[in-house]
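Per UniProt numbering: the sequence shown ends with 645, consecutive numbering throughout.
Hints listed in this document are in silico derivations from the structure and should not be mistaken for laboratory results. Incorrect hints may have been included.
Said to hold, decoys possible - Okay, derived cross-link-like pairs now, SDA-like style, lysine to any residue, Cα gap no bigger than 20 Å in a straight line:
(1) K312 x R185
(2) K383 x H336
(3) K373 x K312
(4) K107 x S13
(5) K312 x G43
(6) K59 x K107
(7) K428 x V400
(8) K428 x I62
(9) K383 x S13
(10) K383 x D338
(11) K107 x V197
(12) K312 x G230
(13) K428 x A468
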Amino acid sequence: MAGFGLCDRLVRSGVIQGYDVTIIGDEPLPAYDRVNLSTYFDGRSADELLLAPRDWYQKHRIELITGRRIERIDREQRMVFDQDGSFYSYDQLVLATGSHAFVPPIKGSDSEGVFVYRTIADLESIRDYCASRNVRRGGVIGGGLLGLEAAKILMDLGLSVSVIEMAPGLMPRQLDADAAGLLKRKIQSMGVDVQLVRRTESIAVVDNGICIEFSNASDLHVDLLVIAAGVRPNDMLAESAGLEIGPRRGVKVNECLQTSDPNIFAIGECASFHDHVFGLAAPCFRMADVLAQRLAGGETTFAGADESAELKLMGVQVATLGTTIGEFAGGNVVTHHDESGYRKLLTERGRIVGASCVGPWDELPQVRQAIAKRARLWPWQRKRFLNTGSPWSPGGAMPVTDWPADAIVCSCLSVSKSTIVELIDDGKQDVEQIASACGASTACGSCRGLVGQLAGAAAAEPITVPGAKTMWVASVIALLASLAWLVVPPIPLTDSVQSSWRNIETIWRGDLGRQVSGFTLVGLTLLGLVFSLRKRLTWFHWGSYGFWRAAHGVLGMAVLFGVAIHTGMRLGHNLNFLLAVCFLSAAALGAVAGIASSMESRASGNLGMWIRRWRPRLTRIHLWVTWPLPILIALHVLGFYWFSD
Numbered sequence: 001m002a003g004f005g006l007c008d009r010l011v012r013s014g015v016i017q018g019y020d021v022t023i024i025g026d027e028p029l030p031a032y033d034r035v036n037l038s039t040y041f042d043g044r045s046a047d048e049l050l051l052a053p054r055d056w057y058q059k060h061r062i063e064l065i066t067g068r069r070i071e072r073i074d075r076e077q078r079m080v081f082d083q084d085g086s087f088y089s090y091d092q093l094v095l096a097t098g099s100h101a102f103v104p105p106i107k108g109s110d111s112e113g114v115f116v117y118r119t120i121a122d123l124e125s126i127r128d129y130c131a132s133r134n135v136r137r138g139g140v141i142g143g144g145l146l147g148l149e150a151a152k153i154l155m156d157l158g159l160s161v162s163v164i165e166m167a168p169g170l171m172p173r174q175l176d177a178d179a180a181g182l183l184k185r186k187i188q189s190m191g192v193d194v195q196l197v198r199r200t201e202s203i204a205v206v207d208n209g210i211c212i213e214f215s216n217a218s219d220l221h222v223d224l225l226v227i228a229a230g231v232r233p234n235d236m237l238a239e240s241a242g243l244e245i246g247p248r249r250g251v252k253v254n255e256c257l258q259t260s261d262p263n264i265f266a267i268g269e270c271a272s273f274h275d276h277v278f279g280l281a282a283p284c285f286r287m288a289d290v291l292a293q294r295l296a297g298g299e300t301t302f303a304g305a306d307e308s309a310e311l312k313l314m315g316v317q318v319a320t321l322g323t324t325i326g327e328f329a330g331g332n333v334v335t336h337h338d339e340s341g342y343r344k345l346l347t348e349r350g351r352i353v354g355a356s357c358v359g360p361w362d363e364l365p366q367v368r369q370a371i372a373k374r375a376r377l378w379p380w381q382r383k384r385f386l387n388t389g390s391p392w393s394p395g396g397a398m399p400v401t402d403w404p405a406d407a408i409v410c411s412c413l414s415v416s417k418s419t420i421v422e423l424i425d426d427g428k429q430d431v432e433q434i435a436s437a438c439g440a441s442t443a444c445g446s447c448r449g450l451v452g453q454l455a456g457a458a459a460a461e462p463i464t465v466p467g468a469k470t471m472w473v474a475s476v477i478a479l480l481a482s483l484a485w486l487v488v489p490p491i492p493l494t495d496s497v498q499s500s501w502r503n504i505e506t507i508w509r510g511d512l513g514r515q516v517s518g519f520t521l522v523g524l525t526l527l528g529l530v531f532s533l534r535k536r537l538t539w540f541h542w543g544s545y546g547f548w549r550a551a552h553g554v555l556g557m558a559v560l561f562g563v564a565i566h567t568g569m570r571l572g573h574n575l576n577f578l579l580a581v582c583f584l585s586a587a588a589l590g591a592v593a594g595i596a597s598s599m600e601s602r603a604s605g606n607l608g609m610w611i612r613r614w615r616p617r618l619t620r621i622h623l624w625v626t627w628p629l630p631i632l633i634a635l636h637v638l639g640f641y642w643f644s645d
């Protein structure tokens, strides 16, 4: 896959025109999708798994040689030799030899009926063995990603399956004990037998199949056994050529992806960068990106890559993003667990650095963005996550249509939102056309929904939210009225009892008038809080969210004018001055938040992204400024009656 990724990028950038490219592989097929290998028994053919058909290579003048294994590299002569003695010269050589299935040193692991899970040929061997024998029960050694995928293919063949794992939990490198326990229960509910803390001592062929002997448990009998205990880099060819090997195996490369020979590069699972071997598709494709740009004369360097994984294991969504629990040295862990699944956020110094889940989590794209930007997890977001499983309020997590242009949509191929939007603007309006042009969604497929949302957004009509226009008008009037207090002088007091204005003036000078207007304002304010009830109480269903939001804005505007009548637009002194300033600040901030809220569903592009980013913040500030009001109002009422005659 890494080798094809390099060729694909050379083609798309036009650099292929300056090279004569030969790609040689020891498998009989061209590069195919190993990420979705488990779909082979779902009815997906080998041709459908190909990343590109053979004529794609011919079309772009790439010489494709399959079924040939390179046995030797002559660095002095710059030639490689295959198993038949044929040789191929090179100016620059790229090793993209991938990895092979790791088989632990277990006695009997080479017995008949024992297989590994790595290639299409492995799957065909498993299928043929099942067809030729009365195979009913299968076993899988390995409870990690590969092991659970291997269990799925055996289930697709109609076998009952036992998964054997040496660790105390499934996926021990990615999940903590709680998440692993939930995954175990979900998989067991599908009929899979999960055996943990099992140390396999030997494998023996017996009359009734295969006997797996454990050093700490009773023997297990199966008809077929798959060993899926991990992979190891294919670095033997490089080692025999004298290239430097990393301490944990893999061909050692620098930030330019050069090996110890400057004319030889290595990418993918065979490469060791900073003593680390990357075992997922996304980092391999990132290496292909960097090397393609360097072959084009660029100065791009490789600085590592995201090793997040989002996949469905036997129908159960499992994701690990950013820092995994196995690599987490310190910080805080925030967990939400409900009937739908298990979610976890990892934070360092208050910023999100990792996440994992077992079960559905629709906001994973936003979580990925938060990790990429090391977004801060504020205390109220932490509390909301603990209660609801989401750090964002409803609507607070931006949809993909409002992500920044440089946000990565397809993490496997590092395709940004801006690339997809440019293709949409050029007339590519469906997912298949976009995928063909830039490759997004063609690797693991987890971003297909996001690509579809972007494609649909190009022709989507603005969403109409009930009450949005009313909310906008009320908020604008309230904002203007709040600002008017700064420039409009107070209503002047009369200096004669004979003035006709004296009768109106009693509203803010007379005790009865002040009591009537004051308690009317308190009543309107309490009525406006019904909006919060509609938003926060699940049993309160009368009226739509948009209606109550608009009602809140109208009542806020009415209260503002009521206060002007109650005070004659005077700020007062001491406690009254503090109350007036607090009220006007809350009104102005509420008006600004209302304007943003009413425009949120109609704005797009940078304005829409800005509004969606700031509207929740404005709402929170409005609430913070509002909370002292009840105390100040109570003191104001108490002072009125205390000092009244």
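Right, here's what the structure says about each hint:
1. Simply put, K312 and R185 have alpha-carbon atoms about 15 Å apart, close enough for the 20 Å limit, and the pair holds.
2. About 10 Å separates the Cα atoms of K383 and H336, which keeps this hinted pair within 20 Å; it holds.
3. For the hint linking K373 to K312, the alpha-carbon distance of about 26 Å lies beyond 20 Å, and the restraint is violated.
4. A hinted pair counts as satisfied when its Cα atoms are at most 20 Å apart, and K107 with S13 does not qualify at roughly 50 Å.
5. For the suggested pair K312 and G43, the alpha carbons sit about 18 Å apart, so the restraint of at most 20 Å is met.
6. Annotation: proposed proximity of K59 to K107 is violated, straight-line Cα distance about 49 Å (limit 20 Å).
7. Taking the CA atoms of K428 and V400, the gap is about 18 Å. The hint holds against a cut of 20 Å.
8. This hinted pair does not check out: K428 and I62 have alpha carbons roughly 27 Å apart, beyond 20 Å.
9. For the hint pairing K383 with S13, the CA-to-CA distance comes to about 47 Å; that exceeds 20 Å, so the pair is violated.
10. Distance restraint check for K383 and D338: the Cα-Cα separation of roughly 15 Å lies within the 20 Å cut-off, and the hinted pair is therefore satisfied.
11. Pair hint K107 plus V197 holds up; C-alpha atoms about 19 Å apart against a cutoff of 20 Å.
12. The hinted pair formed by K312 and G230 meets the criterion: a straight-line CA distance of about 18 Å does not exceed 20 Å.
13. Restraint check: the Cα-Cα separation between K428 and A468 comes to about 33 Å, which exceeds 20 Å; the hinted pair is violated.
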